[in-house]
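Asker: So the protein sequences, as listed, match chains X and F. Just so you know, we're using our numbering here: the first sequence kicks off at 1 and counts up by one. Just so you know, we're using our numbering here: the second sequence kicks off at 1001 and counts up by one.
Please keep in mind that the hints were generated in silico from the structure rather than gathered at the bench. The reader is advised that the hints may include incorrect statements.
Quick list of in silico lysine-lysine cross-link-like pairs, DSBU-like style, CA-CA up to 30 Å [as the list claims (entries may be wrong)]:
{"id": "1", "chain 1": "F", "residue 1": "K1042", "chain 2": "X", "residue 2": "K83"}
{"id": "2", "chain 1": "X", "residue 1": "K9", "chain 2": "F", "residue 2": "K1042"}
{"id": "3", "chain 1": "F", "residue 1": "K1042", "chain 2": "F", "residue 2": "K1057"}
{"id": "4", "chain 1": "F", "residue 1": "K1058", "chain 2": "F", "residue 2": "K1015"}
{"id": "5", "chain 1": "F", "residue 1": "K1105", "chain 2": "F", "residue 2": "K1005"}
{"id": "6", "chain 1": "F", "residue 1": "K1005", "chain 2": "F", "residue 2": "K1042"}
{"id": "7", "chain 1": "X", "residue 1": "K9", "chain 2": "F", "residue 2": "K1071"}
{"id": "8", "chain 1": "F", "residue 1": "K1058", "chain 2": "F", "residue 2": "K1071"}
{"id": "9", "chain 1": "F", "residue 1": "K1058", "chain 2": "X", "residue 2": "K14"}
{"id": "10", "chain 1": "X", "residue 1": "K57", "chain 2": "F", "residue 2": "K1042"}
{"id": "11", "chain 1": "F", "residue 1": "K1042", "chain 2": "X", "residue 2": "K71"}
{"id": "12", "chain 1": "F", "residue 1": "K1068", "chain 2": "F", "residue 2": "K1057"}
{"id": "13", "chain 1": "X", "residue 1": "K70", "chain 2": "X", "residue 2": "K83"}
{"id": "14", "chain 1": "F", "residue 1": "K1105", "chain 2": "F", "residue 2": "K1015"}
{"id": "15", "chain 1": "X", "residue 1": "K14", "chain 2": "F", "residue 2": "K1042"}
{"id": "16", "chain 1": "X", "residue 1": "K70", "chain 2": "F", "residue 2": "K1057"}
{"id": "17", "chain 1": "X", "residue 1": "K57", "chain 2": "F", "residue 2": "K1015"}
{"id": "18", "chain 1": "F", "residue 1": "K1058", "chain 2": "F", "residue 2": "K1068"}
{"id": "19", "chain 1": "F", "residue 1": "K1058", "chain 2": "X", "residue 2": "K57"}
{"id": "20", "chain 1": "F", "residue 1": "K1005", "chain 2": "F", "residue 2": "K1015"}
{"id": "21", "chain 1": "X", "residue 1": "K57", "chain 2": "X", "residue 2": "K71"}
{"id": "22", "chain 1": "X", "residue 1": "K83", "chain 2": "F", "residue 2": "K1005"}
{"id": "23", "chain 1": "F", "residue 1": "K1105", "chain 2": "X", "residue 2": "K83"}
{"id": "24", "chain 1": "X", "residue 1": "K57", "chain 2": "F", "residue 2": "K1005"}
{"id": "25", "chain 1": "F", "residue 1": "K1105", "chain 2": "F", "residue 2": "K1057"}
{"id": "26", "chain 1": "X", "residue 1": "K57", "chain 2": "F", "residue 2": "K1105"}
{"id": "27", "chain 1": "X", "residue 1": "K83", "chain 2": "X", "residue 2": "K9"}
{"id": "28", "chain 1": "X", "residue 1": "K57", "chain 2": "X", "residue 2": "K14"}
The model shown is predicted, which means the values in this text are computed figures rather than measured ones.
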Amino acid sequence: DGGITQSPKYLFRKEGQNVTLSCEQNLNHDAMYWYRQDPGQGLRLIYYSQIVNDFQKGDIAEGYSVSREKKESFPLTVTSAQKNPTAFYLCASSAGGTYNEQFFGPGTRLTVL
Amino acid sequence: QQQVKQSPQSLIVQKGGISIINCAYENTAFDYFPWYQQFPGKGPALLIAIRPDVSEKKEGRFTISFNKSAKQFSLHIMDSQPGDSATYFCAAADSNSGYALNFGKGTSLLVTP
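Okay, chain X solo, but in the shape it has when bound (with noise of 0.2 Å):
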């Protein structure tokens, strides 16, 4: 069964704590994408990578780290410098190249206390 896993579904932190969210996918997709959907805001591009062992900030990166070790792996940490981190979290994967659709995981809800 292919597609895009991504857990924990809720997520709860205390301020000040890194967190981790994991996004796995068995697509054989080379692309990632992580966004953040926040109410009335559509989804905003926090990082992307198109290769193992590269990856580029998007709009938002600012308070977040992630890492490509592996073509099916993208995880994404949300440190203590990120403001205002509690939103939902979507890990996207696309065959990478021109014009091929994105596929999405079903979110991480964080709420940061």
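For chain X, the structure is supplied; the task is to place chain F on it using the hints.
Answerer: For chain F alone, kept in the frame of chain X given last:
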């Protein structure tokens, strides 16, 4: 800043009616324009996409109209059904950023019985 502007923010349509959502962009490098549908608590799913070499694309009840000179594109949902009630996002992308998506802020569509 938001690179894709979407309107209206919300829309109520009677069953059987036509739903129309509009988007505009400024970046002429954009060459891929998808529309995504999202249900509450879920990740977005691709509905239909268009490239700027065509002015219209139709898939079932969903049609994208594209006006390259005006830098505008729109989604038409014909014979709208209550099951179409969801949030719709337009997006735009180009090769300069690995086809990472620039999303509009979304339109919440409610189709009444």
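Asker: Decide, hint by hint, whether the structure agrees.
Answerer: Results for each hint:
{"no.": "1", "hint": "F/K1042 / X/K83", "in the structure": "holds (25 Å)"}
{"no.": "2", "hint": "X/K9 / F/K1042", "in the structure": "holds (10 Å)"}
{"no.": "3", "hint": "F/K1042 / F/K1057", "in the structure": "holds (26 Å)"}
{"no.": "4", "hint": "F/K1058 / F/K1015", "in the structure": "holds (20 Å)"}
{"no.": "5", "hint": "F/K1105 / F/K1005", "in the structure": "holds (7 Å)"}
{"no.": "6", "hint": "F/K1005 / F/K1042", "in the structure": "holds (23 Å)"}
{"no.": "7", "hint": "X/K9 / F/K1071", "in the structure": "violated (37 Å)"}
{"no.": "8", "hint": "F/K1058 / F/K1071", "in the structure": "holds (19 Å)"}
{"no.": "9", "hint": "F/K1058 / X/K14", "in the structure": "violated (48 Å)"}
{"no.": "10", "hint": "X/K57 / F/K1042", "in the structure": "holds (25 Å)"}
{"no.": "11", "hint": "F/K1042 / X/K71", "in the structure": "holds (24 Å)"}
{"no.": "12", "hint": "F/K1068 / F/K1057", "in the structure": "holds (14 Å)"}
{"no.": "13", "hint": "X/K70 / X/K83", "in the structure": "holds (29 Å)"}
{"no.": "14", "hint": "F/K1105 / F/K1015", "in the structure": "holds (24 Å)"}
{"no.": "15", "hint": "X/K14 / F/K1042", "in the structure": "holds (25 Å)"}
{"no.": "16", "hint": "X/K70 / F/K1057", "in the structure": "violated (37 Å)"}
{"no.": "17", "hint": "X/K57 / F/K1015", "in the structure": "violated (43 Å)"}
{"no.": "18", "hint": "F/K1058 / F/K1068", "in the structure": "holds (17 Å)"}
{"no.": "19", "hint": "F/K1058 / X/K57", "in the structure": "violated (34 Å)"}
{"no.": "20", "hint": "F/K1005 / F/K1015", "in the structure": "holds (27 Å)"}
{"no.": "21", "hint": "X/K57 / X/K71", "in the structure": "holds (18 Å)"}
{"no.": "22", "hint": "X/K83 / F/K1005", "in the structure": "holds (26 Å)"}
{"no.": "23", "hint": "F/K1105 / X/K83", "in the structure": "holds (21 Å)"}
{"no.": "24", "hint": "X/K57 / F/K1005", "in the structure": "holds (22 Å)"}
{"no.": "25", "hint": "F/K1105 / F/K1057", "in the structure": "holds (22 Å)"}
{"no.": "26", "hint": "X/K57 / F/K1105", "in the structure": "holds (21 Å)"}
{"no.": "27", "hint": "X/K83 / X/K9", "in the structure": "holds (22 Å)"}
{"no.": "28", "hint": "X/K57 / X/K14", "in the structure": "holds (26 Å)"}
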